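Using the hints, position chain B against chain A.
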Amino acid sequence: MARNEKQWNAHPDPSRIEWADSRIYSDEEIFEEELEKIWKKVWIPVCHESELAEPYDFRTMTIAREPIIVCRDTDDKIRAFLNVCPHRANLIERRPSGSFKDGTPSGNPKNMTCMFHAWQFDMKGRCVHISRAEEGYQDRLSPKDVGLRRLRCEVAFGGMVWVTLNDHIEHSVKDWVGSALDCILEPLEMEPLEIFHYHKSIIPSNYKLWHDTNSEFYHDFVHYHNRVTGFNDAYFARKNMTFDNGHVVVGSFEVQYDQYEGFESREALSFPTLPPNNWYMIDIFPGINYNLRGSALRVDLMTPLSANEVMIEFRGLGLKSDSEEDRLTRIRHHNTIWGPMGRNLHEDLLSITGQGVTMRPGTEPRHILHGRHENETIHDEIGMRHYYDTWAEWMGRPLHNPTNRPPVAAAE
Amino acid sequence: MGKANHRAAIEAVKDTVYRTCLLMDDERWSDWLELCDEGFYYKITAYSPEIRRDMLYLDGDRDQIAQMCELLPKHNTDRSPLKRHAVVYTVDVEDNGKAAQAVTSFVIYQNMLDGVNSHIDAGENHLFAVGRYLDSFEIADDSARFLTREVRLETRRLDKGTHWPL
Numbered sequence: 001m002a003r004n005e006k007q008w009n010a011h012p013d014p015s016r017i018e019w020a021d022s023r024i025y026s027d028e029e030i031f032e033e034e035l036e037k038i039w040k041k042v043w044i045p046v047c048h049e050s051e052l053a054e055p056y057d058f059r060t061m062t063i064a065r066e067p068i069i070v071c072r073d074t075d076d077k078i079r080a081f082l083n084v085c086p087h088r089a090n091l092i093e094r095r096p097s098g099s100f101k102d103g104t105p106s107g108n109p110k111n112m113t114c115m116f117h118a119w120q121f122d123m124k125g126r127c128v129h130i131s132r133a134e135e136g137y138q139d140r141l142s143p144k145d146v147g148l149r150r151l152r153c154e155v156a157f158g159g160m161v162w163v164t165l166n167d168h169i170e171h172s173v174k175d176w177v178g179s180a181l182d183c184i185l186e187p188l189e190m191e192p193l194e195i196f197h198y199h200k201s202i203i204p205s206n207y208k209l210w211h212d213t214n215s216e217f218y219h220d221f222v223h224y225h226n227r228v229t230g231f232n233d234a235y236f237a238r239k240n241m242t243f244d245n246g247h248v249v250v251g252s253f254e255v256q257y258d259q260y261e262g263f264e265s266r267e268a269l270s271f272p273t274l275p276p277n278n279w280y281m282i283d284i285f286p287g288i289n290y291n292l293r294g295s296a297l298r299v300d301l302m303t304p305l306s307a308n309e310v311m312i313e314f315r316g317l318g319l320k321s322d323s324e325e326d327r328l329t330r331i332r333h334h335n336t337i338w339g340p341m342g343r344n345l346h347e348d349l350l351s352i353t354g355q356g357v358t359m360r361p362g363t364e365p366r367h368i369l370h371g372r373h374e375n376e377t378i379h380d381e382i383g384m385r386h387y388y389d390t391w392a393e394w395m396g397r398p399l400h401n402p403t404n405r406p407p408v409a410a411a412e
Numbered sequence: 413m414g415k416a417n418h419r420a421a422i423e424a425v426k427d428t429v430y431r432t433c434l435l436m437d438d439e440r441w442s443d444w445l446e447l448c449d450e451g452f453y454y455k456i457t458a459y460s461p462e463i464r465r466d467m468l469y470l471d472g473d474r475d476q477i478a479q480m481c482e483l484l485p486k487h488n489t490d491r492s493p494l495k496r497h498a499v500v501y502t503v504d505v506e507d508n509g510k511a512a513q514a515v516t517s518f519v520i521y522q523n524m525l526d527g528v529n530s531h532i533d534a535g536e537n538h539l540f541a542v543g544r545y546l547d548s549f550e551i552a553d554d555s556a557r558f559l560t561r562e563v564r565l566e567t568r569r570l571d572k573g574t575h576w577p578l
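Line order of the protein sequences matches chains A and B.
Per the numbering used here, the very first residue in the first sequence carries number 1; after that it's consecutive.
Per the numbering used here, the very first residue in the second sequence carries number 413; after that it's consecutive.
Rather than coming from a laboratory, the hints here were simulated on the basis of the structure.
Hints should not be assumed to be uniformly reliable.
Claimed, not checked - Think about it this way: if two alpha-carbon atoms lie no more than 27 Å apart in a straight line, the pair counts; the simulated BS3-like pairs of lysine-lysine are:
1. A:LYS144 to A:LYS101
2. B:LYS455 to A:LYS320
3. B:LYS415 to A:LYS200
4. A:LYS200 to A:LYS40
Note that the coordinates shown come from a computational prediction; the quantities given were computed from them, not determined experimentally.
So here's chain A without its partners, still in its complex pose:
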């Protein structure tokens, strides 16, 4: 039976079915608070170490609108800094990646140079040159006073480069992730990995909706590929597991790739120690996803841009030791499902785009059901519930009335 306005707005009984108020996805004030309370406080992976393989290589990115640069020093250590000149706050490096081995029009080789006034910095973030320093600053300003803002940075879990804006973070990356990645730790760390794929999407939707999609597999009904290669007893027995700090693991099973016409088994190239054709999905709070499908690793990194816009960067990784032939096969396996024209990725992006339409800022609050209980197996929404329990703790906001504005009246 279709419902009238009062019935539509009536809150479901949370003792019977869990739900969240959709303003967690659409409210601009909540979004700004998330950047401050969560994204600026936790560890965020920003790239893979193979993207800056040589000394003086760098990558740039942003976390919570703060421009960041990571670079590899001659001691092989990767360091992170705010990509902001201490002089007049210009962006120091504008390119997405490159090497400082070569000079730039305003600067010397082996230094980062702010082109605006040619201040230069080394790979440790020390200021090594102020143009016409004595003439302008006499003895009032020394290079040691104007080093870059260094950020805590660790390389962990398959060579991802993790950065935090929070100098006072209590955890190391390993403590923060805990045992959530244990299920794929051997395959990830048995030997070095290397990136082979990158593309990005900017979707008019809230970032948490992408994480939700990665946290629940009930949405496999959108994927023809997953229905024909899964949806067997082993698939439905696949367990969701929750971990401290809001992380979730969707357990593995053997995917029947040969059930999809034209696809082949991934067995010959499965990651080291990974059982053939197995598929693990790990969701790290607040928006990171490791997805290991037999022969290829996909890592999604999200950059929330507004309450209704998110950039998702898709990376594909294989083994650094791959032969040319094996690498090509791995890339093909990756692309057929997760490439820009892959069978699944487009469908997932379409799904959260639709959610983004109905939950744009200013739309009416809606009840978003998180209430599937299926013995914590694959179509159980325990992953989302666990994420939002953690989110509510960080935000100090209740899921049923997150804006602290008067709730819609319940139906009689």
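Same frame as chain A, now just chain B:
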């Protein structure tokens, strides 16, 4: 090869490239593949300055692409049609007149239908992708058949958009 034959070969290549654009715009995939040799190989590639690597986004031989196109109607997809605007920049015909290579610059527009909020967006055009077709052909009987096509994309931001060949 005489000048007239050379000119005819160039025109044959251009005709095949432009005809292919129209067929793909109309999603007539099997008709497009009819213009391709049995040994045809198709790939979509891009260079990423982010990771400083050449990348392969999609590839397949004629049978694999045909199989993919047959299966795609079983998938959920954005129904917004793509429209190609192409200009053949160069055609190099081999001395024996039996083969040619062409470089075609293209932009692809997405004519919005249902991908976002159709009430607002349907009918609007978005620039979807920019790149070049790097094609090779077999020339015979004044017609050109594809041996290979590389779709070399400059675009690396690919939002929800397509399952289909570009």
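(request) Given the hint that LYS455 (chain B) pairs with LYS320 (chain A), test it: the Cα-Cα distance must not exceed 27 Å. (result) Cα-Cα ~24 Å, so holds.
(request) For the pair supplied as a hint, LYS144 (chain A) and LYS101 (chain A), confirm whether the alpha-carbon distance does not exceed 27 Å. (result) Cα-Cα ~23 Å, so holds.
(request) Sort out whether LYS40 (chain A) lies within 27 Å of LYS200 (chain A), counting only the CA atoms. (result) 22 Å, holds
(message) With the threshold set at 27 Å, check whether the alpha-carbon distance from LYS415 (chain B) to LYS200 (chain A) stays at or below it.
(response) Not satisfied, since the Cα-Cα distance of roughly 47 Å exceeds 27 Å.
Comparing the model with each earlier hint shows a violation of hint 3 alone; every other hint is respected.
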